[in-house]
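Protein chains: 2
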Amino acid sequence: MTADFEPGSGRFPSPGPICGQSAIELARAIRERRLFVREIMDAFISRIETVNPHVNAIVSMRPREELLAEADAADTALAQGVEAGPLFGLPIAIKDLALTKGLRTTFGSPIFARHVPDVDDYFVERIRRAGAIIVGKTNVPEFGLGSHTYNPVFGPTLNAYDHRLTAGGSSGGAAVALALHMLPLADGSDMGGSLRNPAAYNNVYGFRPSQGRVPGGPNFEAFMSQMGIEGPMGRSVADIALLLGVQSGHDPRSPLSLDGHEDFLAGLAPRVQGARIAWMGDLGGHLAVEEGILDLCTQALAQLEGAGATVDSHVPDFDFEALWQAFVTLRHATSGCALKAHYDDSDRRSQLKPEAVYEAEGALRLEAPATFAASQRRTAWYQTVVRLFEHFDYLALPTAQVFPFPVECHWPEEIAGRAMDSYHRWLEVCTLATMAGLPAISVPVGFDPAGRPMGMQIIGRPRGDLSVLSLAAGYERLTPFGVR
Amino acid sequence: MTADFEPGSGRFPSPGPICGQSAIELARAIRERRLFVREIMDAFISRIETVNPHVNAIVSMRPREELLAEADAADTALAQGVEAGPLFGLPIAIKDLALTKGLRTTFGSPIFARHVPDVDDYFVERIRRAGAIIVGKTNVPEFGLGSHTYNPVFGPTLNAYDHRLTAGGSSGGAAVALALHMLPLADGSDMGGSLRNPAAYNNVYGFRPSQGRVPGGPNFEAFMSQMGIEGPMGRSVADIALLLGVQSGHDPRSPLSLDGHEDFLAGLAPRVQGARIAWMGDLGGHLAVEEGILDLCTQALAQLEGAGATVDSHVPDFDFEALWQAFVTLRHATSGCALKAHYDDSDRRSQLKPEAVYEAEGALRLEAPATFAASQRRTAWYQTVVRLFEHFDYLALPTAQVFPFPVECHWPEEIAGRAMDSYHRWLEVCTLATMAGLPAISVPVGFDPAGRPMGMQIIGRPRGDLSVLSLAAGYERLTPFGVR
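In order, the protein sequence lines correspond to chains A and B.
All residue numbers in the first sequence are consecutive under my numbering, ending with 544.
All residue numbers in the second sequence are consecutive under my numbering, ending with 544.
Certain hints may be false.
Heads up, the list lumps identical chains together, so a pair's fine if it works in one copy or across two of them.
What the hints assert, rightly or not - With a straight-line Cα cutoff of 25 Å, these simulated DMTMM-like cross-link-like pairs (lysine to aspartate or glutamate) come out:
{"#": "1", "residue 1": "161", "residue 2": "135"}
{"#": "2", "residue 1": "161", "residue 2": "450"}
{"#": "3", "residue 1": "413", "residue 2": "468"}
{"#": "4", "residue 1": "161", "residue 2": "421"}
{"#": "5", "residue 1": "413", "residue 2": "109"}
{"#": "6", "residue 1": "161", "residue 2": "281"}
{"#": "7", "residue 1": "413", "residue 2": "427"}
{"#": "8", "residue 1": "161", "residue 2": "126"}
{"#": "9", "residue 1": "161", "residue 2": "102"}
{"#": "10", "residue 1": "161", "residue 2": "143"}
{"#": "11", "residue 1": "413", "residue 2": "473"}
{"#": "12", "residue 1": "413", "residue 2": "92"}
Please keep in mind that the hints were generated in silico from the structure rather than gathered at the bench.
Take these sequences, add in the hints, and give me the full structure.
Given below as structure tokens:
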């Protein structure tokens, strides 16, 4: 399957002339009146009806008639001269961890199986305002815990390339829907790698923006929770830049959201020449990494070197075990405390998966000095990273420590002979960018001999989102693989 | 003393032609070569030698010869055409909570009585780079705890207007040095009102910038600690804008520092007309406030109304007691945890004042869910405030709940017949801006019949620093009092 770029090889018809296009192409075709929104909507609904039952990526799908009526309204508005936003007429499905007004939002939890919010998440408001049409939700792990998309409400989402394998997560539904051309664009969110891991596992791009780039809310604790963030996923870097331009920008309702607003698509300048990249590999042996992953990454780096980048193997002197423990602690201190509301209610507690109980019980055991010490460790890591960027423009790491694993397995308990001591330890490689709040994209690096996809993280300096996207776009031009 | 604008009436000679000038005037006179830096330095050293022994505002003063040599070097550099920074040649003393490379930094604690740092705080680096000459430090309460400036290393700082009274704090040395013309400008910092309270108590201006406006570090825990911030103090709003322009602006070493850099002095546009002000008074009786304070504030508001502002009494519906408890909790979770390092060492513990022990023990008792709940409360307050700003441009509150009290008293245990249940409860009125991270200036509102100064807080919308300074500058033009 390595040389076969049609996901789910042979299983599905080709995406055809509409679903095969990029988000940018479709948006342009709509604005230039070469395609009706209705035609596009119709094509994507059909595609979803054909493909989705096999992979379960999209959930809470809205009725066809409702969507076609909305598409017709968009066509009418456009004919009447309405100003078309950057996503005008594009179908999108929102990750089921984000609130969608009037559309069921379950967080993958049976507690919320019938929950219909009366507000949108801030970034969802923006996606609507940009003209996209929300067709449904993308599937997630229960409360986004763990990087494997299954839950008792909707069941598992299956890998786009091999339906026996996990889609990754927590933006697993989004990644699979993109890979299989059921959507032109998708949002995701990322605390421990949830935009990056499923991108790697389904051969698409997933971008974790700088902390604060996409304003979070309204249902967030807004000051302590600085590890999770929404971001874009796509089949191309330009599509990601398009969506990020819509999601990002200061919102006064979100106290830590970054100032200003940038047009990432206009600013995108594909560039590899002269980029100084620190390849951090397995952190000098600290990380357990499945055989074959580092090789795929170094092949990708060789391509970047061939195009004029400088790649140096470099691992900063830091206590990475302590950094991981700090991540675990800060997650208890935020996600764990948030989950405690359910844990404290015996009815709801019985509906929590073990990972949620682990987080809530971790929060209950946690004392303030330990939280503060973890945040001091985080600060030290940030300072280390800032000094690294005096010598390098980018850091590179594998996106995952293990290839997509069988869907029945809840999490890898062992990698390369080393035991994983928690449900999320196997995601450690993704927490380095999280802990420093850095922008990080997962770019596809191809497949192992068994046809399992993999990605590599390209991490940029603080708030260097555009720089990361520009290198990724340069890389994209060099690489023959990746779903387009 | 109400109509007498010479602080310490009769006690000190007039500041004279050099020390009587504003920072802006002095900086201009230096750039235009109308005054030598040496003349200015000489005048301020003499002023400090005359006045400071009576009030103890400046500590760790550098030797006269060293300072004059530095002044001479500045004059030589200017004669040779060096580009003069915005503070070029101005004497300044740095608050003794901030690190000054090579200059003793005690934090007001006997533990650090001999501590000489080998780095500057980030904002101190900027003040040096802008050309200011650091002459010494300004006195603080031990570890900045409490708004009354005394400590076992240097003793108390005395109020500029009445030496029997407290200077306030924690930027007490800075406020008194300004009020008595020992410095043209001073920095301060503020968690629970430390830039505002001493400004009010000494009839000068003190501005708490938006959270993140002045990058904190290097010795901070940089992610959780979002209540304290450095800022400027001055005898005029324009001087404050000058210093803020130097202190502020993004520093990549400080992960939550706001983007960009603004020239606040150039942007300053004094303006009262049309300003919509919500007067929050004593929060509908929630706050104990000493008689006479609200009257001084409403007189100031009447002046603003006379100049075209709209002032409405308005108290948002919020559980202010819960907000105060959240402040106490978050302070344990940050300051308390930081102080724990000293508390854990029996030698050092014996050198801590009771307030430091209270904070450390509060941290020890604190569990993660309580911290998270406090931060959720803080988030709810922020959201309430954002909605308030849909109807108002500014919020106004008294700066202090009590006039300057006798210097022997550690903190007011009762206000208006109501008991204060902790060392910092009397500062509650300042925590409203802190908890939402809002920019807030204390402007002078005159004196009570006993000659004790008072101030009023003008609070702006999130990141609206320039807007706050512009209203304050408009107010400054209307008011006959205030030290200039």
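For the identical chains here, do residue 161 and residue 135 meet the 25 Å Cα criterion within one copy, between copies, both, or neither? within (23 Å within a copy, 66 Å between copies)
With identical chains, the pair residue 413 and residue 473 could be close in the same copy or across copies; at 25 Å between alpha carbons, which is it: within, between, both, or neither? within (17 Å within a copy, 50 Å between copies)
Up to 25 Å CA-CA - residue 143 versus residue 161, copy category: Classified as within: same-chain Cα gap 23 Å, cross-chain 57 Å, threshold 25 Å.
Give the relationship of residue 161 and residue 281 under a CA distance limit of 25 Å: within one copy only, between copies only, both, or neither. Within one copy only: 20 Å inside, 38 Å across.
Within, between, both or neither: residue 161, residue 102 at alpha-carbon 25 Å: within (23 Å within a copy, 68 Å between copies)
Checking residue 413 and residue 109: alpha-carbon separation at most 25 Å within a copy, between copies, both or neither? Classified as neither: same-chain Cα gap 30 Å, cross-chain 70 Å, threshold 25 Å.
Status of residue 126 relative to residue 161 across identical chains (alpha carbons, at most 25 Å): within (15 Å within a copy, 67 Å between copies)
Please work out whether the CA atoms of residue 161 and residue 421 approach to 25 Å or closer within one copy, between two copies, in both situations, or in neither? This pair counts as neither: shortest intra-copy Cα distance 32 Å, inter-copy 45 Å.
If the cut is 25 Å between Cα atoms, do residue 413 and residue 92 qualify within a copy, between copies, both or neither? neither (49 Å within a copy, 72 Å between copies)
Please sort residue 161 with residue 450 into within, between, both or neither, judging by C-alpha distance up to 25 Å. Between copies only: 23 Å across chains, 45 Å inside a chain, cut-off 25 Å.
Is it within a copy, between copies, both, or neither that the alpha carbon of residue 413 lies no farther than 25 Å from that of residue 468? Within one copy only: 15 Å inside, 59 Å across.
When no copy is specified for residue 413 and residue 427, does a C-alpha distance of 25 Å or less occur within a copy, between copies, both, or neither? both (24 Å within a copy, 24 Å between copies)
Of the numbered hints listed earlier, those contradicted by the structure are 4, 5 and 12.
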